Each structure stands twice: as C-alpha cells, then as structure tokens.
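Take the sequence shown: its letter number 218 is residue 218 in this note's numbering, and every next letter is one higher.
Derived from the structure by calculation, the hints contain no laboratory data. Treat each hint with caution, since some may be false.
What the hints assert, rightly or not - Using 20 Å as the maximum straight-line C-alpha spacing, the simulated SDA-like pairs for lysine to any residue come out as follows:
(1) Lys617 - Arg588
(2) Lys699 - Thr667
(3) Lys699 - Thr725
(4) Lys687 - Arg746
(5) Lys125 - Ala321
(6) Lys488 - Arg503
(7) Lys677 - Ser645
(8) Lys491 - Ser688
(9) Lys125 - Gln313
(10) Lys316 - Asp329
(11) Lys699 - Ile734
(12) Lys617 - Val572
(13) Lys488 - Thr637
(14) Lys687 - Leu546
(15) Lys617 - Gly627
(16) Lys699 - Ser688
(17) Lys365 - Gly451
(18) Lys125 - Lys316
(19) Lys63 - Trp15
(20) Lys125 - Gly188
(21) Lys617 - Glu576
(22) Lys677 - Arg651
(23) Lys617 - Gln585
(24) Lys488 - Thr635
(25) Lys365 - Lys677
(26) Lys365 - Ser381
(27) Lys125 - Val311
(28) Lys125 - Ser307
(29) Lys687 - Val700
(30) Lys687 - His698
(31) Lys125 - Arg320
(32) Lys125 - Ile305
(33) Lys63 - Arg192
(34) Lys699 - Ala733
(35) Lys491 - Ser567
(36) Lys491 - Asp363
Here the structure is a predicted model, which means the values were calculated and not measured.
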Amino acid sequence: MTSDRSMRRRRIWSWGTAGAGVVVVPVLAALQHIGSVDGMLAVVGTVALGSVVVMTVGIAVNKPADGRPWRLVVASNAVSCVVVALWSTDIELLRTVVAPALGFVPMILTSWAALHWLRRETGSKALRVSLDALLVAFGTAMSVWVAFVTTVIERTGDPFDASLLRVLCLVVDAAVLTVLVHLCIARGRANRAYPLLTIGMACVTVAHALIAIQPAYPGLTPTTACLYPLTIGFGFMIAATLHPTMADKPPRRPRRGDNFRQRFVVVLAVLTVSVVMTVLYPPVGQTDRLVRLALFALLFCAVLIRSEIAVGQSEKEEDRARHRATHDDLTNLPNRSALYDDLAAGGPQANMGCCLHFMDLNDFKLVNDSFGHRIGDELISLVATRVVAAVGDLGVVYRYGGDEFVVASWSFDDCPCVAAKEQRTETPAADPTIADRILAAMRQPFELSVGRVFVSTSIGVSFSAPSAGPLNADDLIREADSAMYHVKATKPSGAAIFDDRLRSIALSELELTNAMREAVGRDQFELYYQPIVELHTNEVIAYEALLRWHLQGRMVSPAEFIGLAESTDLIVEIGEWVLDSACAQLARWRRQQSTLRIAVNVSGRQLRGGGLLDTVKAALERNDLPGSALWLELTETALIEDHLSAREVLRELVALGVTICIDDFGTGYSALGNFQKFPIEIVKIDKSFIDAIDRDAHKVVLTSAIEALSRALGLATVAEGVETTEQEAQVRAIGCRYAQGWYFGRPVPAAAVVGGLALATPEC
1 MTSDRSMRRR
11 RIWSWGTAGA
21 GVVVVPVLAA
31 LQHIGSVDGM
41 LAVVGTVALG
51 SVVVMTVGIA
61 VNKPADGRPW
71 RLVVASNAVS
81 CVVVALWSTD
91 IELLRTVVAP
101 ALGFVPMILT
111 SWAALHWLRR
121 ETGSKALRVS
131 LDALLVAFGT
141 AMSVWVAFVT
151 TVIERTGDPF
161 DASLLRVLCL
171 VVDAAVLTVL
181 VHLCIARGRA
191 NRAYPLLTIG
201 MACVTVAHAL
211 IAIQPAYPGL
221 TPTTACLYPL
231 TIGFGFMIAA
241 TLHPTMADKP
251 PRRPRRGDNF
261 RQRFVVVLAV
271 LTVSVVMTVL
281 YPPVGQTDRL
291 VRLALFALLF
301 CAVLIRSEIA
311 VGQSEKEEDR
321 ARHRATHDDL
331 TNLPNRSALY
341 DDLAAGGPQA
351 NMGCCLHFMD
361 LNDFKLVNDS
371 FGHRIGDELI
381 SLVATRVVAA
391 VGDLGVVYRY
401 GGDEFVVASW
411 SFDDCPCVAA
421 KEQRTETPAA
431 DPTIADRILA
441 AMRQPFELSV
451 GRVFVSTSIG
461 VSFSAPSAGP
471 LNADDLIREA
481 DSAMYHVKAT
491 KPSGAAIFDD
501 RLRSIALSEL
511 ELTNAMREAV
521 GRDQFELYYQ
531 PIVELHTNEV
541 IAYEALLRWH
551 LQGRMVSPAE
561 FIGLAESTDL
571 IVEIGEWVLD
581 SACAQLARWR
591 RQQSTLRIAV
601 NVSGRQLRGG
611 GLLDTVKAAL
621 ERNDLPGSAL
631 WLELTETALI
641 EDHLSAREVL
651 RELVALGVTI
661 CIDDFGTGYS
671 ALGNFQKFPI
681 EIVKIDKSFI
691 DAIDRDAHKV
701 VLTSAIEALS
711 RALGLATVAE
721 GVETTEQEAQ
731 VRAIGCRYAQ
741 GWYFGRPVPA
751 AAVVGGLALA
761 TPEC
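All chains should be built: construct the whole structure from the sequences, respecting the hints.
Shown next, in the form of structure tokens:
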C-alpha cells in the first residue's frame, strides 16, 4: 500500500512539473512586454538549471535499471543551461560563436540517449528503426535547406549566413523524434515517460526551428520566441524523469512488433514534403544545386539500403513463419504438419517407402498432475533431446502432439521390421534398430528441476516398402498408432510391429466397436447380477450389476468389449444405460426387501466426463430410490487420472447418500493414502488375493493387512472371488465384513434371482 501511495505521488509530481513549464510562459510574456530580454534569459536559465537538479533527484528516486541515457539527457540540459548563460553575456565571441557551437552538444547527447533506448527496447530491430530515422533526417535536411538556406543564398549569396549549425540541429532533432515516437508506439500505455520526453523534445525542436528562421526570414518572429517552447520542453523533460515508469524494464518481446507501418507514415510524410518543397523552390546558384544533389544522392542510397533490409527482413519473417508452422515451439522438432508434408512427398526421393515409429510416454499424465505443466514441458524437452540423440542419422524425429513422438526412417537397408514382414513371421525376431535405441535411451532416469524421474515408452512400428507405391500417411500413422496401443495393453513398455496379426486384431476391434454402437438400441445388452453377502448374518445385502452382451447368438465376454468401450465415448452411453437399468431392477426388488442395494461399476471416462452426478440423480429420481440404495464401484486408476475433479464429484455423490467403493484393490496403485483423499466407504479386495488365500501364507498376511488398515480407517471390506468353503472360512476369520463370489452365487439374469434374496446357481 505504501508503495502504491509513493507511485501515485510521483505521478502527481511528474504531471505537476509538466504544467509548471507552461506556467512559466506568462512570466516570459510579461518580461518580453517590458523589454527585459536579460530577465527572460535569467528565467529560462533558472528553469534549465532547476531541470538538471530535479531530474538528478528523479533518477535517484526511481532508480532505473539503466540510468545512463537519462543521465545523458540531464547532461544535455546542463549544457543548455550554459548556452542560455552565454546568450546573456556581453562578449560577442561567446554569444555569437561559442554559444551556437555549444548549442549543438545537447543534440549529440540526446541522440546518444535515444540510440541507447532504441537498442535496449528493440534489440535486433534497432538497425531498421535507425535507418528510418536517417531517412527522416535526410528528408528534413532537404526541406530545411530549401526553406531556410536557399532563401538566404538568394538574398546574400552566402549559404553560411544561414547558420548551418542551427540547420543541422533541426536535422538531428527530426531523427531523435522519430526514434522517440517509435519507442512511444512500441511501449504503448505501459510507459508514460517516453511520451513526456517526446513532447519535451518536440518543444526543443520548435525552439530550434524558430532560431533557424531568423537568418532566413528576418523580422518574422521575435528573437526571443524560441525561449517559450524551450522552457515548456524543460518542464516535460523533468516530468519524464520524475514519472515512475521511467524505471520500467523493457519487455522481453515487443508487444507491437516492428511498428513499421506507423513509422512509414512519418517517413513518407517527411519525404513527400521535401520533394514538394524542392519543386516549389528552384535552386539558386551552383552551391545550392550541388548540396541538393548530394542530399538527393544520400536520400536515394538510404532508401535503397532500407528497401534491401526490408526485403531481407520479409524473407526472414516468412522463413520464421514457415518454421513456426512446421515446428513445435517447445522442442523445436518438426511437428505433425511437417510429418504429413514429408510423408506426402514420399521422403527425400520419390517413392522411397517409409518405416514409421509412433511412440507414446507412459505415465506422463502422472508427472503432469504431480508436478504441474511446467515440469511436464521440461520432461518433454528432455525426452525430445534424448530421442533425437538416440535416433541419430537413422531417421527424423517429429513431435506429434502431447507426449507422442514419431520417428520416420527412409532407409530400408537394416530395417528388421521389413525382414519380419517379408518372412511373414508372426512376431519379429528382434525389435527395429531405432526402437532398440529409443527404448535403451528411455531406461535412463531424467534429471528434472524437481528431482529424478523415470518414464518408459511404448512404440508402434508400421512401414510401407518402396514397391508399395505412393505413401499413404493416414494408413501409416494409424497402423503405427494401433501397434503402439497394443504394446500399452500387453506390457509396461516395448515395441511392436503392425503385422498381419495386429491388422486382424484392429479389424476385429473396429467391427466390434461398430457393433457396440448399435447394441444399446437393439437391446443386445443385458445385466447379470451377483450377490454380495454380509458374512456375519449370511444375508444378501446387495447385488453387483455385471454387463453382458448377446451378439449374433454368442455371449461376448466383458474382457473383449469393456476396454474398447472405455477408449471411446461409448462407455458413457453404456454406463448410463447400466445405471438406469440396474436402478429400475432394484426398485422392483425393494418392494420385497426394502434394504437391498445395487452396486454399479463406473469407468474413469464417466467420472471425468462431468455428467456422472446428473446421471445418478436422474436414475435415482426416476426409480424413486434413495441415494443409500446405490453403491458405485471405481478403480484406483480412475481416481488418480484426475484426482481434483474426481474428489469433488465423489463428495457430491456422497452428499446424496451414495456409497463409494474401491474395486479390485491390490492390482493398481494400492495406495491407502487415497482413502483419506476421497470419500471411500468400502474396499473390495481383488480376487487375486482370495484365489490362493487357503494355501498361500503371504496372501493371508496381505489380505489381513488390508482388512486391518481398512477397519482402522473406518472402512468396510468385500472379499471378491470367494469360490470354496475354505476361502469363505478364511475371509470370515480375517474379519472381512462382506464377501462375493461363486461360492455364494454366480452372475445370473434378473429372472433367476429368487425373491431378491438369493440366486440360483446354474452350471453354465
């Protein structure tokens, strides 16, 4: 708050001093009215001296990162103070020779400061802005020569009577103003110091113009007329130094680019005026002609150089734009667009064929969620560097998107995947050389700013031989992507070639997915129900709804289609049908047993989709069920994938009375800490623990530990997969509250449920 008040005070003082320069004008007018030129010079000298003192204080208070250019402006005002003092002396030499010569020094100092700001603010663009300022200077020189010097030559025949040093001051002023105007445009409203300084410099330029007019047009203006704008200029320079934005650091990237269009308007206007004035005022004598010719030559050379730079810059911008369009910003690797372009071109030479490796990082989302996207970007950059080094000259690495990379190889001399394909072996004898290199490189840890991280990768390989004709980019990428997902589904990491076997699997999955899209509307899905028993009372307290699919006279195993459904949005539609159908069946059963519950599985995609809460509410309301009648079963993986949104959704479900269960506990992350993060009430111990519990002491210890920890946290447990009397006795002895499995009843259709209390257990 104190800092804000200080900034506000400095802004007020800044604008106050800008107005003070204007307030002095009436004082000068009064002194001129009484004919006191010495008094006017004394006032202007005092203002100039005061500007030196106040600007020095302003620099000390605001503490700019680089105070050198501001100190140069202070020095220029100090020299101006000396010049004003020399004007008031009675010594002719000092007044007529030393003062004009010394008056050019402030222009040199101000130019130096302007160039310093220009380099700092615009970097590589400084040369172009400087050339534009030079064009303005040459145009101004032409106009000033024609307007002021030609008139003197016509009257006296001697160009030196025009005080060429004063004319040169105007030329330098024009160049400095061009630079300052560019700085104002480039920084916009973010920096108010530059506009204040520009106004002050413009006032000084007007003062110099009034001085230059005197020899050309005697008697047109009073000799003291230049003191008015000079005083106002000092006031605005003080204001610029006192304004807090004078200490601002330049932005890393200019907000408005090169601003060439704005500068072009200024350059064009100045050059147009110079040409018009040259036409209106014909040359007088040989000297005038030679000077005009020299100025035209300089102007032409400057325009030519600027044009060449503009063309070169345009080509560079086009190259950069083309590079940005075909390369990834983070890794600087060729992107997806470049990949399609290269595949469409058929490689370095037409119809070379291509061996394509599609790789995806495993558990990258876990890194992103744990450490944030900045660390995720850091990891992606390190992976890109490592993959490029591993691939070397064998191929080109592309960033396909997210955590996916593609390597395209155009050489088939040592490509094992081609040999495997030609031999028609079901699986290759060895992974492709490129895949071997990448997998070996990815086994090493990545040193991130937050610590060491291990990330594996899955790689799918597809290829098109040169004899196959033109490349089909979509087919190559689709096949490699399919092979990559096959790796993900079968092993933690590795590589697989898209061969005939994978093609058959892909076609089968496509057919199955298409059939699944029609299954809901054709009533091909059916729910089977398996009882969940409370061991203390041996009563059925709930049923788990299990999905079955009747397709063309056969029962499709859930293992065949649930994974496919979860990889698409079909799982959401199917999940809604399952939830509504299960609730409808429970409503019918609860007419006989009002405390019965139903357990329904929910996928991670349903949880992340955002519509689960509304779907549950609608199903409960439609079937007139309380929330306590519904158990929702989720895996740990589904919770971890988006833990923040998952926790919020689960809390709202619990508020409805719904019971949240962790399914298949022991097969995923198995992190008991999740029980504190999420509103979980029931833990379902995976069947793999129960299968050997009657003969494996380790399984007994693990199951007992899960039960003990769950009980300590106030959670109930369900033993899944109980199939024998021995297993039932063991889980009862361990202390599990509930049990489920073939020992109590197999999953059967609703019609086979006896009174909602027990299940018939047919052999099929």
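Hints, one by one, checked against the model:
1. Lys617 - Arg588: Given pair Lys617, Arg588 holds - Cα atoms ~18 Å apart, limit 20 Å.
2. Lys699 - Thr667: holds (13 Å)
3. Lys699 - Thr725: holds (17 Å)
4. Lys687 - Arg746: holds (14 Å)
5. Lys125 - Ala321: At roughly 17 Å apart (the allowed maximum being 20 Å), Ala321 and Lys125 satisfy the hint.
6. Lys488 - Arg503: Holds: Lys488 and Arg503 sit about 16 Å apart, inside 20 Å.
7. Lys677 - Ser645: Satisfied, since the Cα-Cα distance of roughly 12 Å is no more than 20 Å.
8. Lys491 - Ser688: holds (19 Å)
9. Lys125 - Gln313: holds (10 Å)
10. Lys316 - Asp329: holds (17 Å)
11. Lys699 - Ile734: holds (11 Å)
12. Lys617 - Val572: Since the Cα atoms of Lys617 and Val572 sit roughly 15 Å apart, the hinted pair holds (cutoff 20 Å).
13. Lys488 - Thr637: holds (15 Å)
14. Lys687 - Leu546: holds (16 Å)
15. Lys617 - Gly627: Cα-Cα ~8 Å, so holds.
16. Lys699 - Ser688: Given pair Lys699, Ser688 holds - Cα atoms ~9 Å apart, limit 20 Å.
17. Lys365 - Gly451: Roughly 17 Å between the alpha carbons, so the hint for Lys365 and Gly451 holds.
18. Lys125 - Lys316: holds (13 Å)
19. Lys63 - Trp15: holds (19 Å)
20. Lys125 - Gly188: holds (17 Å)
21. Lys617 - Glu576: Answer holds: Lys617 to Glu576 is near 11 Å, not above 20 Å.
22. Lys677 - Arg651: holds (10 Å)
23. Lys617 - Gln585: Since the Cα atoms of Lys617 and Gln585 sit roughly 16 Å apart, the hinted pair holds (cutoff 20 Å).
24. Lys488 - Thr635: Holds, at about 18 Å.
25. Lys365 - Lys677: holds (19 Å)
26. Lys365 - Ser381: Holds - the C-alpha atoms of Ser381 and Lys365 are around 15 Å apart, at most 20 Å.
27. Lys125 - Val311: holds (14 Å)
28. Lys125 - Ser307: Holds. Lys125 to Ser307 sits at ~15 Å (cutoff 20 Å).
29. Lys687 - Val700: holds (13 Å)
30. Lys687 - His698: holds (15 Å)
31. Lys125 - Arg320: Distance of about 15 Å is within 20 Å: holds.
32. Lys125 - Ile305: Holds, at about 15 Å.
33. Lys63 - Arg192: holds (16 Å)
34. Lys699 - Ala733: holds (14 Å)
35. Lys491 - Ser567: Distance of about 17 Å is within 20 Å: holds.
36. Lys491 - Asp363: It holds: about 13 Å lies between the C-alpha atoms, which stays within 20 Å.
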